[in-house]
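For reference, the chains in residue letters:
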Amino acid sequence: MTDEEHPRTPGRGGPLPPEVPTPPPAAAPAPKDPSDGRRRLLAGLWPPRVTRAQLVVALLLFVLGLGLAIQVRSNSDNSALRGARQEDLVRILDELDNRTQRLEDEKQRLDDQRTELENSSDQAEEARKQTLEKERQLGILAGTVAAHGPGITLTVSDPAGAVKADMLLDAIQELRAAGAEAIEVNGVRVVANTYFSGDGGELSVDGRRIRAPYEFEVIGKPQDLEPALNIPGGVVQTLEKEQATAEVTRSEDIVIDALRPAKQPDYARSSSP
Amino acid sequence: MIAVLGLVVGVVVGLLVRPEVPAVVEPYLPIAVVAALDAVFGGLRAMLDGIFVDKVFVVSFLSNVVVAALIVFLGDKLGVGAQLSTGVVVVLGIRIFSNAAAIRRHVFRA
Chain A
1 MTDEEHPRTP
11 GRGGPLPPEV
21 PTPPPAAAPA
31 PKDPSDGRRR
41 LLAGLWPPRV
51 TRAQLVVALL
61 LFVLGLGLAI
71 QVRSNSDNSA
81 LRGARQEDLV
91 RILDELDNRT
101 QRLEDEKQRL
111 DDQRTELENS
121 SDQAEEARKQ
131 TLEKERQLGI
141 LAGTVAAHGP
151 GITLTVSDPA
161 GAVKADMLLD
171 AIQELRAAGA
181 EAIEVNGVRV
191 VANTYFSGDG
201 GELSVDGRRI
211 RAPYEFEVIG
221 KPQDLEPALN
231 IPGGVVQTLE
241 KEQATAEVTR
251 SEDIVIDALR
261 PAKQPDYARS
271 SSP
Chain B
1001 MIAVLGLVVG
1011 VVVGLLVRPE
1021 VPAVVEPYLP
1031 IAVVAALDAV
1041 FGGLRAMLDG
1051 IFVDKVFVVS
1061 FLSNVVVAAL
1071 IVFLGDKLGV
1081 GAQLSTGVVV
1091 VLGIRIFSNA
1101 AAIRRHVFRA
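From first to last, the protein sequence lines stand for chains A and B. For the first sequence, counting from 1, position 151 maps to 151 in this note's numbering; every step adds exactly one. Count along the second sequence starting at 1, add 1000, and that's the number in this note's numbering.
Hints were generated in silico from the structure; no laboratory data involved. As the structure is a computational prediction, the values presented were derived from the model and not from experiment. Treat the hints with caution; some may be incorrect.
Distance ranges between label pairs, derived from CB positions [said to hold, decoys possible]:
| # | chain 1 | residue 1 | chain 2 | residue 2 | range |
| --- | --- | --- | --- | --- | --- |
| 1 | A | S120 | B | E1020 | 52 to 62 angstroms |
| 2 | B | V1090 | A | Q101 | 27 to 37 angstroms |
| 3 | B | F1108 | A | R49 | 24 to 34 angstroms |
| 4 | B | V1067 | A | L59 | 17 to 27 angstroms |
| 5 | A | R49 | B | V1067 | 23 to 33 angstroms |
Glycine included, each C-beta is placed from N, C-alpha and C at the ideal position.
Isolated chain B (complex conformation) (with noise of 0.2 angstroms):
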């Protein structure tokens, strides 16, 4: 319940305050969101299984979204960074699509 409620407060949060982006970081925010919501998908599924650990949830939440920049951030210095970020976006879409059927099959039983 605290969990859903932290989402609620930081997307209000979010909208309300509009803190500025430092340039740095921009072009990594949203492949960073999709990490962090393949992560949250993932440690969901892990609860409705039973085998949520919160420290495995902060790792992986934090090193999805540090490993997904760091792709892009290769990419862009590679010249290729579109082309990566559209790989992992989708590499991350897959495992949030699996991990919402898992959760699908908890909560709906089909």
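Next comes chain A alone, as it looks inside the complex (with noise of 0.2 angstroms):
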């Protein structure tokens, strides 16, 4: 490979000419002595020397230096496919349009099932607000809630102790008929198993002793319930005769607070799904 084994002669290269062409001997003929050589590079590195010579071979060390580190950048850049045969650009290509191709049937998949996550979620949402609503719903009707909204409050008065129990069903049925949605008398919520019992001053409703004067409280339309406990013979009428009193007072916001413990029945199942 080298000029090595050779016998070295002055002025030889090595298998190649040399880079720099021999001079013609007379001008300057090559040393015997290698240490001639060493001195001459010492030479030349110290002390620096400002000669035409030291600055073109400047200037092109400068520009082989540069191209040297730009070469060496770009290289390192992008190393793993910049050396890459034109088969190999080609089966990395293959491959990477492969794996889009899956990444975008898992994109679409994942997609599809956040949209029916979300559908369903959405779903489960709207069937718990209607839930809700119904239980509320279904809560002032059953008592478990409190309730306020417009409405009447009737307070009958009974100096003489005449209002018996059925007068006092009959103005619940009356209320009830005319739309009447919570009621609550003397502060004992009426529901639907709701009974009234004793009569001559001694009531009680649902078994919890109530006194004169009993008062109503109604959530209900005022325009209806009111005309329905004063028509003729109605339940107002009834009561005066009696020696009671009764008297209708129209309300804007009746709060009816009494409440009632939800009871789970022993014996009824729901049949509905």
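Combine both chains into one complex, guided by the hints.
Following this line, the structure appears as structure tokens:
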């Protein structure tokens, strides 16, 4: 590979002609002593001398260093693909395409799944809202939640103690028929299974004693409730016949906050799914 | 000394400035760099031999670069660019080795 094996002769290069052509032997005979070259090298290095040769060589070496650095940098930028052959590049491209396709498919699948989940969660949310709404409505009917709204107050005073349970029940029926939605009698919530008992000033609602005056708080449409009580032969007239007085007052906001515990039925089970 | 400084400054500038190489020149740059390296080793050897002439160095440097680039260009046109590049690199590598051997004899006397 090199001229190492050959006996060294001055001016002789390697197997190929030396880069710098050998000047005529007369001009600069090659040195016999290798230490000459070393001395020359040291002399060239130190002390630095500004000569034309040094400047020219410096310029060219600058260009060489520049090219070297640029090449090294651009090679290390994306070295994986730069040196690859065409078949390899095609294969890599194919693989990337396949991978992209797979990922796209997966993205599509996940998007579908997400949409599905969102829909179902929307539906679940909607169902939950409806259930809550229904629970509130049913709670008002069952007396498990407080209620407020427009309505009337019916005050029955009974100085003679003549009011009987069935009269109060009649009043309740009449109010319900007129569209009463929530009723409270002397602090007792009136619900579906409310009963009145006793008579002659010893009345009780659902087993709780109540005393005159009996105060009905009713939520409903006042324009319907009041006439329903005042019709001829109706509740008010019947009560007045018994020396009791009944007074109906409309109100914009009746608050009914007497509650009933929610009772789990022992035997009846819901048959709806 | 100034020549060595020139090389160092060139490398530093190349690394720091990150100049954009025109796309036309890009494929010839590696070969040109190897050719220039060959010229530099030849020049170093000539200096050690005491036969260094700056004019010869400049001409050989430039012609080396130009010829190397030309060969690659021709190879690209003929469709054998990769092979010709390899050939040029091999030839230049052999020359660099032989020059390095001569330099080594001078410096280490071995």
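Hints versus structure:
As the Cβ distance of S120/A to E1020/B is approximately 55 angstroms, the hint placing it in 52 to 62 angstroms holds. Checked against the hint of 27 to 37 angstroms, the C-beta distance between V1090/B and Q101/A comes to roughly 43 angstroms, which is inconsistent with it. Between F1108/B and R49/A the CB atoms are about 25 angstroms apart, so this pair conforms to the stated range of 24 to 34 angstroms. For the pair V1067/B and L59/A, the supplied restraint of 17 to 27 angstroms holds, since their beta-carbon distance comes to about 20 angstroms.
Under the hint 23 to 33 angstroms, the C-beta atoms of R49/A and V1067/B, about 32 angstroms apart, fit the expected range.
Violated hint: 2 only; the structure is consistent with all others.
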